[in-house]
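Asks: Use the sequences and the hints to build the structure in full.
2 protein chains.
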Amino acid sequence: MRPTEIQITNPDWVDSMVDYSSRYTDDEARVRLTIQLARENVLRRTGGPFGAAVFDDTGRLVGVGTNGVVRLRNSSAHAEIVALAMAQAAVGSFTLQNDGQPCHELFSSCEPCAMCLGATLWSGVTRVVFSAMREDATQSGFDEGPVFADSYRYLENRGITIERGRLRSEGAAVLKLYVEQGGPIYNP
Amino acid sequence: MRPTEIQITNPDWVDSMVDYSSRYTDDEARVRLTIQLARENVLRRTGGPFGAAVFDDTGRLVGVGTNGVVRLRNSSAHAEIVALAMAQAAVGSFTLQNDGQPCHELFSSCEPCAMCLGATLWSGVTRVVFSAMREDATQSGFDEGPVFADSYRYLENRGITIERGRLRSEGAAVLKLYVEQGGPIYNP
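From first to last, the protein sequence lines stand for chains A and B. Take the first sequence: its letters are residues 36 to 223, numbered as in the working numbering. Take the second sequence: its letters are residues 36 to 223, numbered as in the working numbering.
Hint data in this document are derived by calculation from the structure and do not stem from the laboratory. In this text the structure is predicted, and so the values were computed from the model without any measurement. A virtual CB, placed ideally from N, CA and C, is assigned to each residue, including glycine. Wrong hints could be hidden among the right ones.
Computed list of chain B residues with no C-beta within reach of chain A, every gap over 12 Å [to be verified]: (1) L78; (2) R80; (3) T93; (4) Q123; (5) R162; (6) D178; (7) E205.
Some chain A residues close to chain B (C-beta under 7 Å, calculated; not the full set) [said to hold, decoys possible]: (8) Q42; (9) V104; (10) V105; (11) R108; (12) A120; (13) Q123; (14) A125; (15) W157.
Rough simulated footprint, nothing fancy, chain A against chain B, three-plus residues with beta-carbon under 8 Å [what the hints assert, rightly or not]: (16) 40–52; (17) 114–120; (18) 128–137.
Replies: Structure representation (structure tokens):
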């Protein structure tokens with residue numbers, strides 16, 4: 036049978052680590068959640084060392100994602116793509132920017148790759164905050180793809196704010212943990 | 036209930052337009068299929084004016100995709116992302132580049148956006164062929180995102196061949212048809 040449906044999920048353990056009912060009141064709490072998701076994904080060997088989450092601007096968690104490339108056999112199943120899709124499913128729209136609704140922000144444990152940066156632009160989020168930097172990912176063997184200074188300017192010119200390297204050493208530590216644990220570097 | 040699973044599908048009519056058992060023997064036949072998918076997606080009002088397909092290097096169709104952003108409420112559901120995911124599901128791997136297996140090629144009715152170009156790099160395809168050009172998409176109101184000459188060089192340096200503007204006028208005609216029909220320009 037030829038596949039006719041692609042399913043994107045997070046591992047079962049994710050639900051026990053997130054709280055949709057409370058507020059993540061500041062950027063540190065939000066970044067920290069993505070790093071926790073990334074670390075747990077490594078420790079439980081359910082995917083690559085990346086986690087992401089979408090919050091609305093009141094700090095309410097709207098969607099989360101963990102890297103599921105190998106588990107889901109889908110090279111597009113990066114944490115950010117999953118988190119954005121979960122958030123859009125939660126609000127019931129292909130965009131997170133809707134009149135009369137709060138703004139949404141994407142947090143990630145690591146700098147988004149070229150695909151995820153493009154996805155961010157189409158998602159309707161107004162802000163992106165990430166922890167580990169491209170250099171940290173590259174040092175661990177992960178390619179980030181064609182992202183340039185002009186790529187960020189492109190998003191900024193369309194009203195998206197970018198904040199880099201928040202809790203960077205904690206985010207980078209998860210990448211190192213993954214390598215130490217012998218995790219596969221897919222798409223080398 | 037919070038969504039825990041994202042489903043990516045093509046519209047039902049797609050199956051009647053593709054032939055997994057025969058060979059699409061040349062580039063024109065392969066590009067033409069993606070343009071037909073794009074046009075049908077417009078005429079049936081099931082999505083944006085974009086179609087894509089993955090073939091192996093013997094001309095066997097491996098996966099197809101139509102733009103499903105609005106239908107699936109998912110801003111990442113571009114034709115190329117869907118086609119790559121379907122192809123990976125068909126081969127049962129997160130990469131289309133596997134030892135002892137044929138190479139795979141991505142065809143698209145239009146130049147891939149920044150997200151899809153990144154996705155192409157991670158997918159394992161060795162060649163990308165597209166019809167309508169960025170300028171055609173832009174003229175119809177679609178943003179293609181941060182794609183630069185260096186972006187293409189980045190892929191080419193990693194062994195991916197890019198071929199542009201095949202049957203361009205036919206691909207561009209579908210974009211115009213969509214606008215004439217009053218199709219929504221999401222992510223304007």
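Asks: Does each hint fit the structure? Answer for all of them.
Replies: Cross-check of the supplied hints:
no.: 1; hint: L78; in the structure: 21 Å, holds
no.: 2; hint: R80; in the structure: 15 Å, holds
no.: 3; hint: T93; in the structure: 17 Å, holds
no.: 4; hint: Q123; in the structure: 6 Å, violated
no.: 5; hint: R162; in the structure: 16 Å, holds
no.: 6; hint: D178; in the structure: 8 Å, violated
no.: 7; hint: E205; in the structure: 25 Å, holds
no.: 8; hint: Q42; in the structure: 6 Å, holds
no.: 9; hint: V104; in the structure: 5 Å, holds
no.: 10; hint: V105; in the structure: 6 Å, holds
no.: 11; hint: R108; in the structure: 5 Å, holds
no.: 12; hint: A120; in the structure: 5 Å, holds
no.: 13; hint: Q123; in the structure: 6 Å, holds
no.: 14; hint: A125; in the structure: 6 Å, holds
no.: 15; hint: W157; in the structure: 4 Å, holds
no.: 16; hint: 40–52; in the structure: holds (count 7)
no.: 17; hint: 114–120; in the structure: holds (count 4)
no.: 18; hint: 128–137; in the structure: holds (count 3)
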